[in-house]
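Protein chains in written order, with the numbering used here: chain A, 14 to 380; chain B, -1 to 198; chain C, 2 to 295.
For the record, the hints were derived by calculation from the structure and aren't laboratory data. Treat each hint with caution, since some may be false.
Only some residues are given here: those of chain B computed to face chain C with a beta carbon under 8 Å [what the hints assert, rightly or not]: (1) Val13; (2) Asp58; (3) Pro119.
Straight-line C-alpha distance at most 27 Å; calculated BS3-like pairs for lysine-lysine [stated by the list, open to error]: (4) C:Lys156 <-> A:Lys361; (5) C:Lys84 <-> A:Lys345; (6) C:Lys259 <-> A:Lys361; (7) A:Lys345 <-> C:Lys259; (8) C:Lys84 <-> A:Lys78.
Take a look, some chain A residues computed to stay more than 10 Å from chain C by CB distance [unchecked claim]: (9) Arg81; (10) Thr97; (11) Ala111; (12) Leu141; (13) Pro155; (14) Ala160; (15) Phe236; (16) Gly315; (17) Ser330; (18) His348; (19) Gln353.
A virtual CB, placed ideally from N, CA and C, is assigned to each residue, including glycine.
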Amino acid sequence: MYVAVKGGERAIENAHRLLAHERRGDRDVPELSIEQISEQLSLGVDRVMTEGSLYDRELAALAVKQARGDLIEAIFLVRAFRATLPRFGATEPVDTGAMQVRRRVSSTFKDIPGGQILGPTFDYTHRLLDPQLAEGFAPEAPATGHASAAATPRVTDILGRDGLIEPSPAGDKDAPVGDLTREPLNFPADRDLRLQNLARADEGFLLALGYSSQRGYGRNHPFAGEIRFGEVEVEFMAEDAGFAVPLGSIALTECQMVNQFKGSATEAPCFTRGYGLAFGHSERKTMSMALVDRSLRARELGEEVIAPGQDEEFVMSHSDNVQATGFVEHLKLPHYVDFQSELGLLRKLRQEFAGANVTPPMQEAAE
Amino acid sequence: MTTIAEMPAGFSDKVLSAQSTFRSVMDAMARPGSIQRIVAAGAPLGMMPGAAAIALTLFDHDTPIWLDSKMSAGPDVGKWLKFHTSAPVVADSSMASFALIGDPQSLPALERFAFGSNEYPDRSTTLILQVESLSDGPVVELQGPGIDGTAGLHASLQPRDLFERLSINAALFPRGIDVVLVHDDSIVAIPRTTRLVKKG
Amino acid sequence: MNAPAYNFAYLDEQTKRMIRRAILKAIAIPGYQVPFASREMPMPYGWGTGGVQVTAAILGPADVLKVIDQGSDDTTNAISIRKFFGKTAGVATTTSTADATVIQTRHRIPEAPLHAGQVLVYQVPIPEPLRFLEPRETETRRMHALGEYGLMHVKLYEDIARFGHIATSYAYPVKVNARYVMDPSPTPKFDNPKMDNCPALQLFGAGREKRIYAIPPHTEVVSLDFEDHPFTRYRFDAPCALCGAGDSYLDEIVTDDKGGRMFVCSDTDYCGSRQSAGHRGSESAAPHKERAHG
Chain A
14 MYVAVKGGER AIENAHRLLA HERRGDRDVP ELSIEQISEQ LSLGVDRVMT EGSLYDRELA
74 ALAVKQARGD LIEAIFLVRA FRATLPRFGA TEPVDTGAMQ VRRRVSSTFK DIPGGQILGP
134 TFDYTHRLLD PQLAEGFAPE APATGHASAA ATPRVTDILG RDGLIEPSPA GDKDAPVGDL
194 TREPLNFPAD RDLRLQNLAR ADEGFLLALG YSSQRGYGRN HPFAGEIRFG EVEVEFMAED
254 AGFAVPLGSI ALTECQMVNQ FKGSATEAPC FTRGYGLAFG HSERKTMSMA LVDRSLRARE
314 LGEEVIAPGQ DEEFVMSHSD NVQATGFVEH LKLPHYVDFQ SELGLLRKLR QEFAGANVTP
374 PMQEAAE
Chain B
-1 MTTIAEMPAG FSDKVLSAQS TFRSVMDAMA RPGSIQRIVA AGAPLGMMPG AAAIALTLFD
59 HDTPIWLDSK MSAGPDVGKW LKFHTSAPVV ADSSMASFAL IGDPQSLPAL ERFAFGSNEY
119 PDRSTTLILQ VESLSDGPVV ELQGPGIDGT AGLHASLQPR DLFERLSINA ALFPRGIDVV
179 LVHDDSIVAI PRTTRLVKKG
Chain C
2 MNAPAYNFAY LDEQTKRMIR RAILKAIAIP GYQVPFASRE MPMPYGWGTG GVQVTAAILG
62 PADVLKVIDQ GSDDTTNAIS IRKFFGKTAG VATTTSTADA TVIQTRHRIP EAPLHAGQVL
122 VYQVPIPEPL RFLEPRETET RRMHALGEYG LMHVKLYEDI ARFGHIATSY AYPVKVNARY
182 VMDPSPTPKF DNPKMDNCPA LQLFGAGREK RIYAIPPHTE VVSLDFEDHP FTRYRFDAPC
242 ALCGAGDSYL DEIVTDDKGG RMFVCSDTDY CGSRQSAGHR GSESAAPHKE RAHG
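Looking at chain A on its own, in the form it has when it is part of the complex (with noise of 0.2 Å):
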């Protein structure tokens, strides 16, 4: 006697209780708050709202407890919470070049308008493991300086007084503003969406193609224009005041790729640009977006395109971890009857192979 098998729902509603159980590990250890992860595991949280495409640090704080530190998870958790929210519009564009400036490096010039600040980084830092932090540790204050009054330009701003780099394209202030989760994306894209999916992409993916750029596969020539890190104004025009109302400042961090120039019989050669912005301290992200910005730009730019990085359909169709993920482990559903099918088939196929190799054995050797 066969008993299919039933309960399902019962077991959804045991699994979640363990998992919520799971979650919270040993209960004998304090649990951790939204404040700590926001304020302890910071580069985690602004993974989570550059990906996640929503800036809220005590969300993503939340969605980071909530998916147990799995980051593709809390992304996930908040671009389902973001799906939801009205939208009133697009703010202003950000003014980077008045951007209330924590670090910045430039590794095209020795010294900058502004100067260079070396700011909160790990570059220089020995990866020693460090058994201090394990005991809990009070770190010194840090140290403090005047602020300079003088202004921090662009690298490329100043490159481009000369002509040494192409224009940044001036945005049309009426055009509407591309936006991939309200329109369907249709290819070829526009570098608004493009940035935009690049922007919302994989860190890791970005980083692994930035890097296959470097080792030659269309290889683009990069230097570090500047990374800078910091606050910047964040302003949306009313339109029934008149006049564009400031909503409060964002921290953010932009990089901007000097890449290898471009010039014909008509056109001066000048440098190329590749850009990368990202919500938070994001350095590796945004140096890896700018990489494969600049990558994407071939068709624009009339060279060939011959490695993957520079495939506009294959990158922007894969680098969304949140459908990648979805689709890789939607294998672990049941697959029961097209599995089915599929076996049903290849034992047929086997049969008439087996039938096939009994009988004319003879008939080869004749031939």
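Dock chains B and C against chain A, hints included.
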């Protein structure tokens, strides 16, 4: 001048009325020639309740709307649409997602609307035509997807040669024009796949 | 904190309008994949986000919803989706194919014939039937525009050359209304004939790939084949061990590690209804309760 307070209301329940109207339109589109009823909605002067309900259900700022001369004769329809749907009213009919036709007798040549492209045949104009009757009048016999055999429609239709004009859909497919006929709170859909078999 | 508040059937009205417009175009152009701005749903891509969005856009309070996965109402994901709509839309749910007005499905078409007025919503992973032959969207779109499907025929023909048969057993391509080649979603090819001239409306939603397509009722749906290699259905040649049905698609149940196996209906409602009506298979439990007392 109409104030907002004087503006004819839209749906009493925005969410559920839109749902039920959509189902009627979906059923109409899935069963060409069949008459579907639509829940009542407030409508401005010159617009039938069925057409108004369709507008409230499907129009928004992403759908440019074209109005024929009768619909745009007074300010009522345009204002009402803007207030309830935020849909932009456009002068160029070939840009329109939907065209509202109050005077079907002077329906412009179909070529003036969007047929979509072979790559994106969905980027076409849907015509919403207010007609005299969807229950009385000569019979037309229709065939195509959604119809089990043939479907008969008794209707007083303008323009008289509507179906002859729509035969362009056969030549252009998958490009084409989809039509929703409205009388009062009744609708009948004629998608681009529907073919005229016989006219009474 | 921004506490979430959700609309009837979860989706906001603007999203529903956008999906509804896409559904109408899909019905008007049978088999054509309408691009739509698929939203990020509170369940993973691959779990039926396309089907869920289509269902959410059509569902009303008067509907009776059935959700199946692999033909069964009891698989965990079917339960999960049914609960989602029970919670967000408060609609009545059922396991009965006949009683449902909207049926959302993954990988099967119910065995019981569908009737007019019903809507069958398919969850679709890869809507593009040409995708595995040509990965580029720009190329496949051109092929559909021209109705140029030679590549598909070449593939099927190569199968025959290599295996002696068309080696596609599920997601078997069809031609809709003699125009568009369409992917029926990963249903076993056993189900393909049910799509042809079906009285119900069939809607297909692919969330990750952002496409909606449709087959209106009573529309011709032909499985691609060749004159000398006609399309054939496949089912394991055995009656269901529970209800004895000889015409239903079967799940293979492995009963031990010594080659023991049995076959039962994949459509649990069909199988259960037959058992209620007194049909028995070789492995049936004791006669059904109602019967025993009756």
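Now for the hints, and whether the structure bears them out:
With 8 Å as the threshold, the beta carbon of Val13 of chain B comes within range of chain C, its nearest partner Cβ sitting at about 5 Å, so the hint holds. A hinted interface residue such as Asp58 of chain B counts as satisfied when its beta carbon comes closer than 8 Å to some beta carbon of chain C; here the least separation is about 5 Å, so the hint holds. For the restraint placing Pro119 of chain B at the interface with chain C, the shortest Cβ-Cβ distance is roughly 5 Å, inside the 8 Å limit, so the hint holds. The suggested pairing of Lys156 of chain C with Lys361 of chain A holds, with an alpha-carbon distance near 20 Å, which does not exceed 27 Å.
Note on Lys84 of chain C and Lys345 of chain A: the hinted pairing holds, with a Cα-Cα distance of about 20 Å set against a maximum of 27 Å. Restraint check: the Cα-Cα separation between Lys259 of chain C and Lys361 of chain A comes to about 21 Å, which is no more than 27 Å; the hinted pair holds. Simply put, Lys345 of chain A and Lys259 of chain C have alpha-carbon atoms about 25 Å apart, close enough for the 27 Å limit, and the pair holds. Proximity of Lys84 of chain C to Lys78 of chain A is assessed by CA-CA distance (about 25 Å); at most 27 Å being required, the pair is judged to hold.
Under the 10 Å C-beta cut-off, the non-interface status given to Arg81 of chain A relative to chain C holds; the minimum distance is some 16 Å. At the 10 Å boundary, the C-beta of Thr97 of chain A falls inside the reach of chain C, the nearest C-beta of that chain being 6 Å off. Listed as a non-interface residue, Ala111 of chain A keeps its Cβ farther than 10 Å from every Cβ of chain C; the least gap is roughly 28 Å. No beta-carbon of chain C is positioned within 10 Å of the beta-carbon of Leu141 of chain A; the least distance is around 39 Å.
No Cβ of chain C comes within 10 Å of the Cβ of Pro155 of chain A; the nearest lies about 30 Å off, and the non-interface call holds. Residue-level check passed: Ala160 of chain A sits 33 Å from the nearest beta carbon of chain C, beyond 10 Å. Taking the minimum C-beta to C-beta distance to chain C, about 33 Å, the non-interface status of Phe236 of chain A holds against the 10 Å cut. For Gly315 of chain A, the requirement that its beta carbon stay farther than 10 Å from each beta carbon of chain C is met, with the minimum near 18 Å.
With a cut of 10 Å on Cβ distances, Ser330 of chain A falls inside the contact zone with chain C, its closest approach being about 8 Å. At roughly 7 Å from the closest C-beta of chain C, the C-beta of His348 of chain A falls inside 10 Å, breaking its exclusion from the interface. Here Gln353 of chain A does not stay apart from chain C, with its beta-carbon only about 6 Å from theirs, under the 10 Å limit.
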